[in-house]
Amino acid sequence: MTQTRFSLIARALLLSAALLLLAVGTASAQVVTQLVVSDVDTSAFPDITVTFRAALEGGGSATDLSSLALTENGEAIDGFTLASIEAGTEVIFAIDANESISTRDGGSLSRREKVRDVLNLFADEYMAEGSDLVSVIVPVDDEHPNGELLRNGIFINELKNAANFYTPDIDGGIDLDDVLNRALAVAAENAAAGRSQAIVLFSDGALEDVTLSAEAIVAQAQAQNVPIFVAILGARADDNEIANMEALTAPTGGTWVHMPDVAEVAPLLTLVIANRTQNQVTYRSLVNSSGGHQIALSLGGVTSEAQFEITVEPAAVTVLLDNSTPIVRVAEDPDAELNTIEPSEQAVLAQVSFPDDQPRRIISAALVVDGVILQAIEDPALGDGNTLDLSWDISELDAGNYNLAVEVTDELGLEGASEPLAMTIEVQRPQLVEATAEAGGDNAVVEVEAEENAEPAASGFDWANLTSSIWFWVVVGVVSIFGVILFFMLLLAIVRRSGKKKGEGQVEPQVQPQAALDAEATQILAPAFVQRGSGAYLEPMENASEHAGAVYLSGNNVAMGRDPKLAQIVFKDKSVSRLHARIMESNGEYRLYDEGSASGTYHNYERVGLTPQTLKDNDELHLGRVHLRFKMAQPAQDNDATQVFGPAAGAPPARPAPQGASEDLSTQPFMPHQGPGAPPAGPSRPSQDDNDADGTSTQPYMPHKPR
Numbered sequence: 000m001t002q003t004r005f006s007l008i009a010r011a012l013l014l015s016a017a018l019l020l021l022a023v024g025t026a027s028a029q030v031v032t033q034l035v036v037s038d039v040d041t042s043a044f045p046d047i048t049v050t051f052r053a054a055l056e057g058g059g060s061a062t063d064l065s066s067l068a069l070t071e072n073g074e075a076i077d078g079f080t081l082a083s084i085e086a087g088t089e090v091i092f093a094i095d096a097n098e099s100i101s102t103r104d105g106g107s108l109s110r111r112e113k114v115r116d117v118l119n120l121f122a123d124e125y126m127a128e129g130s131d132l133v134s135v136i137v138p139v140d141d142e143h144p145n146g147e148l149l150r151n152g153i154f155i156n157e158l159k160n161a162a163n164f165y166t167p168d169i170d171g172g173i174d175l176d177d178v179l180n181r182a183l184a185v186a187a188e189n190a191a192a193g194r195s196q197a198i199v200l201f202s203d204g205a206l207e208d209v210t211l212s213a214e215a216i217v218a219q220a221q222a223q224n225v226p227i228f229v230a231i232l233g234a235r236a237d238d239n240e241i242a243n244m245e246a247l248t249a250p251t252g253g254t255w256v257h258m259p260d261v262a263e264v265a266p267l268l269t270l271v272i273a274n275r276t277q278n279q280v281t282y283r284s285l286v287n288s289s290g291g292h293q294i295a296l297s298l299g300g301v302t303s304e305a306q307f308e309i310t311v312e313p314a315a316v317t318v319l320l321d322n323s324t325p326i327v328r329v330a331e332d333p334d335a336e337l338n339t340i341e342p343s344e345q346a347v348l349a350q351v352s353f354p355d356d357q358p359r360r361i362i363s364a365a366l367v368v369d370g371v372i373l374q375a376i377e378d379p380a381l382g383d384g385n386t387l388d389l390s391w392d393i394s395e396l397d398a399g400n401y402n403l404a405v406e407v408t409d410e411l412g413l414e415g416a417s418e419p420l421a422m423t424i425e426v427q428r429p430q431l432v433e434a435t436a437e438a439g440g441d442n443a444v445v446e447v448e449a450e451e452n453a454e455p456a457a458s459g460f461d462w463a464n465l466t467s468s469i470w471f472w473v474v475v476g477v478v479s480i481f482g483v484i485l486f487f488m489l490l491l492a493i494v495r496r497s498g499k500k501k502g503e504g505q506v507e508p509q510v511q512p513q514a515a516l517d518a519e520a521t522q523i524l525a526p527a528f529v530q531r532g533s534g535a536y537l538e539p540m541e542n543a544s545e546h547a548g549a550v551y552l553s554g555n556n557v558a559m560g561r562d563p564k565l566a567q568i569v570f571k572d573k574s575v576s577r578l579h580a581r582i583m584e585s586n587g588e589y590r591l592y593d594e595g596s597a598s599g600t601y602h603n604y605e606r607v608g609l610t611p612q613t614l615k616d617n618d619e620l621h622l623g624r625v626h627l628r629f630k631m632a633q634p635a636q637d638n639d640a641t642q643v644f645g646p647a648a649g650a651p652p653a654r655p656a657p658q659g660a661s662e663d664l665s666t667q668p669f670m671p672h673q674g675p676g677a678p679p680a681g682p683s684r685p686s687q688d689d690n691d692a693d694g695t696s697t698q699p700y701m702p703h704k705p706r
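In this text, residue positions in the sequence shown follow numbering that gives the first Met the number 0: the first is 0, and each later residue adds one.
It should be emphasised that the hints constitute simulated quantities derived from the structure, not laboratory data. Among the clues, some could well be false.
Claimed, not checked - Pair by pair, the computed Cβ-Cβ distance ranges are:
(1) Glu214 / Ser363: 55 to 61 Å
(2) Ser109 / Ala82: 43 to 49 Å
(3) Ile153 / Thr302: 30 to 36 Å
(4) Thr302 / Ser109: 43 to 49 Å
(5) Ile372 / Glu74: 30 to 36 Å
These numbers were taken from a predicted model, which means no experiment stands behind them. All residues carry an ideal CB built from backbone N, CA and C; glycine is no exception.
Please construct the entire structure, taking both the sequences and the accompanying hints into account.
Right, here's the structure in full:
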């Protein structure tokens, strides 16, 4: 008992000393036990950033990194920079909820309640909400079939609720291997997030009726770089209990405390969250090949290695120079030296890109013509869009073809080059022309200098020879004659069309039927000021241009059609039959009859069959293409309205009017189109107009119902 108490006192002193040294930060007290690399970031290659944690003996992180060494593929790297970041902490609490968890050690709280209070303490005073990650793993039982009180919690209240409502269902032994393996599985799942990770185990340490393979657990924890911390429950911690727990903590870089009361766990929690701050080292990589590469960190005699993959390709270069036209050098003198001819330089613009999406510094560039370097630049400055400005010295170049390319070398020593660009140079010189002049009968040779910058003769047709040919003028004459004929034909067509449209716009007067065969019969014509009809009339809507206004129904039996010998209301449209339909009035009620028309008579878009249809105000009527609206109410006086008079009572049939030889009364039947979903047309009278005297065939038409 004395030895156990002495061990506990010594352990407490060591923990206090470790915390003090951590706060003071003296380098001499740092004993690094573990270097953990959590991330290698190559997104800014060739700059690489390595995130790591240097764990101290007994917990916590090293603060003195002055002796840190870095190598890449075995080659020492100098000039790196260091920084600290708040990466957050992932704490996975594991509870050994064996039968002793309900024990009260001389106080008012049971061990389970003390664990509850520790979790609440961590939530209130240690947890960084939003950045820390917390899980609570317990033995599997009926109340907790997945063995989890909380998984990946980021909120304080999540942890407190998990702690406050946990009641273990103790039935037999505890499989602590399963609890710790599931805790390590959670850590492995979240390792990529870059947080420092730790497992905190609550246990009595006795391991009675508990299954634990410490060596296997330690090996897995070491492989994952996850330290294990232990809070030993109970009024005392015996040597065997301490030994059992040290077998888990020491090899993994963790530590243990005895926790008879809640306050005793504070030093351990402080060590756990001390790892929240991690370190970053950034350096300029020397890697110039694709594939896997290795870095190594060394601090205090401890070394940690990490691998990273990178794809590296040489820079791509494109020459932005138009080679579709030659470079023309113009001399002022026929014998001018090449170096005096302008232009003497040609600007060359090249663009640099990185196919591997790893931009880096260009340390040299060269302009190469026909394999010879003509211009070399060290540390060239790239302009907007990664462009290079170069100059091609063409002062000594004569006319000819040249292959131009641009080569670059980046800071990794990788060389890239553009595709050769074929360029053409032309040299224009004034030319000497010999001319013969007669002066006093003597021949003299005169040198005439060609005009500077004279344009070369245009190539193409020999128009002089072409126009001198008689066949050329024959073709021109024929084309001109046809052009004149075509012009007059078009003019005649326009005049005819204009006359036709003008004639269509005129309304022919309504032809009144012959009153009787007897020439002595009286034709009753009401004067214009007499009240028209009985108040019913037809309002033309479409294809009834011969009626300028309302068409009044003055009789009780009014026929409609295209033949003035048969109808009182006449429509010229070819879709209207000679005798198409009839409206009869009786006791103020109007009914519409179809007279066997070819195109059909439609009442409100329904075809009129053998049964007459009663008309109501605003009903829609269709006689072939002619669209009418039936109106009951009498409108205001309309001087343009058509007056329709039925035959006098008892009068004999009307005498047929003489028909001109050129008059066309043939019907072009017009089958109206029924709207979508309309019922099939009812039976109708047999058409008596399908074969008119002129033999015109029927062309069906269906009125379109408004949508």
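Verification of the hints:
Distance hint for Glu214 and Ser363: a CB-CB separation of about 58 Å, consistent with the stated range 55 to 61 Å. Ser109 and Ala82 have their C-beta atoms about 46 Å apart, which keeps the hinted 43 to 49 Å range intact. At about 34 Å, the CB distance of Ile153 to Thr302 agrees with the hint of 30 to 36 Å. Roughly 46 Å separates the CB atoms of Thr302 and Ser109, a value that falls within the hinted 43 to 49 Å.
The hint said 30 to 36 Å for the Cβ distance between Ile372 and Glu74, and at roughly 31 Å that hint holds.
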